[in-house]
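Asks: So the sequences go chain by chain: P and G. Just so we're aligned, residue 1 is where the first sequence starts under the working numbering, counting upward by one. Just so we're aligned, residue 1001 is where the second sequence starts under the working numbering, counting upward by one.
Note that these hints are calculated values from the structure, not bench results. Because the structure is a prediction, the values reported are computed rather than measured. Hints may be right or wrong, so weigh each one.
[What the hints assert, rightly or not] Here are the simulated DSS-like pairs of lysine-lysine, each with C-alpha atoms no more than 30 angstroms apart in a straight line:
id: 1; chain 1: G; residue 1: Lys1050; chain 2: G; residue 2: Lys1037
id: 2; chain 1: G; residue 1: Lys1125; chain 2: P; residue 2: Lys151
id: 3; chain 1: P; residue 1: Lys166; chain 2: G; residue 2: Lys1086
id: 4; chain 1: G; residue 1: Lys1050; chain 2: G; residue 2: Lys1125
id: 5; chain 1: P; residue 1: Lys144; chain 2: G; residue 2: Lys1037
id: 6; chain 1: G; residue 1: Lys1086; chain 2: G; residue 2: Lys1125
id: 7; chain 1: P; residue 1: Lys83; chain 2: G; residue 2: Lys1125
id: 8; chain 1: G; residue 1: Lys1037; chain 2: P; residue 2: Lys83
id: 9; chain 1: G; residue 1: Lys1050; chain 2: P; residue 2: Lys151
[To be verified] Per the computed footprint, the stretches of chain P lying under chain G, defined by three or more beta-carbons under 8 angstroms from a beta-carbon of chain G, are:
id: 10; region: 18-24
id: 11; region: 36-45
id: 12; region: 58-72
id: 13; region: 76-85
id: 14; region: 111-120
id: 15; region: 137-149
id: 16; region: 194-203
Positions of the beta carbon are idealized from the N, C-alpha and C atoms, including for glycine.
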Amino acid sequence: MDGMHDMGGRQGFGAIRYTQHAEAFHAEWEVRANSLYAFAVRRGIFNMDEYRHAIERMEPRHYLAASYYERSLTSLATLLVEKGVLTREELEQRAQGQFPLAAPSAPGRTNVAARESFQTGDRVRVRADYVPGHIRMPGYIRGKTGVVVSKSPAYPYPDAHAHGLKAEDEPTYDVRFRSEDLWPNSAEPALVHVGVFQSYLERAS
Amino acid sequence: MPSHDRLIQRTATVEKRVEAIQTALDARGMNATGAVKELGHLAQEEWNPKNGARVVAKAWVDPAFRERLLANGRVAAAEIGLSLPKHHRHLVVLENTATVQNVICCTLCSCTAFTIIGLPPDWYKDLEYRSRVVRESRTVLREMGLDLSPEVEIRVWDTTADTRYMVLPTQPPETIGWPEDRLTEIVTRDSMIGVARL
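Isolated chain P, as found in the complex (with noise of 0.2 angstroms):
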């Protein structure tokens, strides 16, 4: 989905808060957030590709509002809620409030059936997709020409495993883009490297 969480390249966003030393957590609440997400992974009660597309179904000024953690905590309760494991009745009355959760999912998608494999050096295009479901390919490069610097281990296929669908393992490639390609006449010279499964990819002459 192109979801607001994808903020690869988007513009208008200020200084960047950097101080050294910067920590993880600033708050109690904030560790307990992270380790129940956690603890509901080992549990096998969702993956990963599931808690990270709970994320990104978050209402877009809800999302951008939202620390890091909160964002955590509404896609961890979103999943209780939609796996059976807890209402939202009884998360409300718990909480004494008003507990908003990520909006319901749409469609995912299985694994592109006839796959190619790339070596290092190879020049790939990345697919041109538009998906409602979850998607592990940030918008900026769809579309865009690159080249493979190197190949990853197999992972299931996210568009299928955040869906409950049957979900084949494949590598993703490192491809390298140049950021002018990236946004034309919009960018400083850099390399951009971006792990892209290989559905999401088809040769480039």
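We have chain P already, so just place chain G on it with the hints.
Replies: What follows is chain G alone, placed relative to chain P:
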């Protein structure tokens, strides 16, 4: 139709929402509280940048280890007792040089090799870093205090799959010959993310 009560009810605080999830799971006999203790300890005490610092220091003093690390980060990290979660099947180690600066980000969420370099700092998860670092990397690094000369090539790595990355910073020349333990102390998390040089 939502009830009138529901419409005027305020959103619960994040603290109350987390508490609600934890107590509801506990009430089902799932011992979420036990898991919070265990995983909270791991996240705050075990998964920290000291792990990655050991990897970097060893790579600086042991050329054979450095070779193995660049070939397969996961296997090399295991040699010194460090592991990654099951779903991080691959650790790619990116070597900086005098003319190459590697920088890690995650534009879609905030993935990192957290068992090795620690859980991500706040700025890494902010919308500013996620949106800007892929498109205006040099300016972003300058804002963060790393003013690279024009001949340094910037290589950004967006963690969009389950491959994890860490940067192998260049060793400061004045530390050549130091023992490994002492080197470990100078390696920072931010240098392994690639937004700082040592």
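Asks: Run through the hints listed earlier and report the numbers of any the structure violates, in increasing order.
Replies: 5, 14
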